[in-house]
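Protein chains in written order, with our numbering: chain A, 3 to 117; chain B, 12 to 126.
By construction, these hints were calculated from the structure, which means they are not laboratory data.
Keep in mind that the hints are not guaranteed to be accurate.
Claimed, not checked - If you only want the chain B side, here are some residues facing chain A, beta carbon under 8 Å, derived:
| hint | residue |
| --- | --- |
| 1 | Phe20 |
| 2 | Pro50 |
| 3 | Leu122 |
What the hints assert, rightly or not - In silico DSS-like pairs for lysine-lysine, Cα to Cα no more than 27 Å straight-line:
| hint | chain 1 | residue 1 | chain 2 | residue 2 |
| --- | --- | --- | --- | --- |
| 4 | A | Lys21 | B | Lys78 |
| 5 | B | Lys47 | A | Lys38 |
| 6 | B | Lys125 | B | Lys79 |
To be verified - Partial selection, computed: residues in chain B whose CB lies under 10 Å from chain A:
| hint | residue |
| --- | --- |
| 7 | Leu54 |
| 8 | Ala101 |
| 9 | Gly119 |
| 10 | Ser123 |
| 11 | Pro126 |
Every value quoted in this text rests on a predicted model; they were computed, and no experiment measured them.
Positions of the beta carbon are idealized from the N, C-alpha and C atoms, including for glycine.
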Amino acid sequence: ETGVTQTPRHLVMGMTNKKSLKCEQHLGHNAMYWYKQSAKKPLELMFVYSLEERVENNSVPSRFSPECPNSSHLFLHLHTLQPEDSALYLCASSQGYGDRGYEQYFGPGTRLTVT
Amino acid sequence: GEDVEQSLFLSVREGDSSVINCTYTDSSSTYLYWYKQEPGAGLQLLTYIFSNMDMKQDQRLTVLLNKKDKHLSLRIADTQTGDSAIYFCADNEGRIYNQGGKLIFGQGTELSVKP
């Protein structure tokens, strides 16, 4: 496979469940990102990892827990979510992270519905 | 903080040109990007422009940058029904000491192309 892949593509979970979203990039990039896209809102950056180290954490509730075991994989662990967390969760990667302005490549997203 | 603004909707007829506009507030922007999102999909990088350029052309796409007015536009020539999508403008929050690199996205412009 090429590019950025995300699994699952769709997820329905109850508020008491625990689930994980997975992202994998096949581009040899060193930075990976989680974004939340809600209807009628701009994309919200959640987390950034650069060289497997978390470099951005934008005031995201602790019920979202990221994990980056290596530069190709990124996870988002979910527990005790709220209905307002229902959204499209997008993963992206870039060659680097910094002032140069590396373009980001996005996966197809996971459509999450919290019931 | 930084802000990126776009109009929410644009409707054109097939074969016409489309112009999608974006304004941003960060005077230290290094790169500005245009992404396309089709229904049910992630964001696809269309093109980008470096801040020392006024114009960039790539096949049917023309990007114009007015740094003085902090205005960015994307022109799509000979618009086709397959161009119907949401188009996002993004500003690289570049900083001098390699502590930036976040993309700040606009709300997206939904382009509708009528046959």
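- Query: Does the structure break any of the earlier hints, and which numbers would those be?
  - Reply: 1, 2, 3, 4, 6, 10, 11
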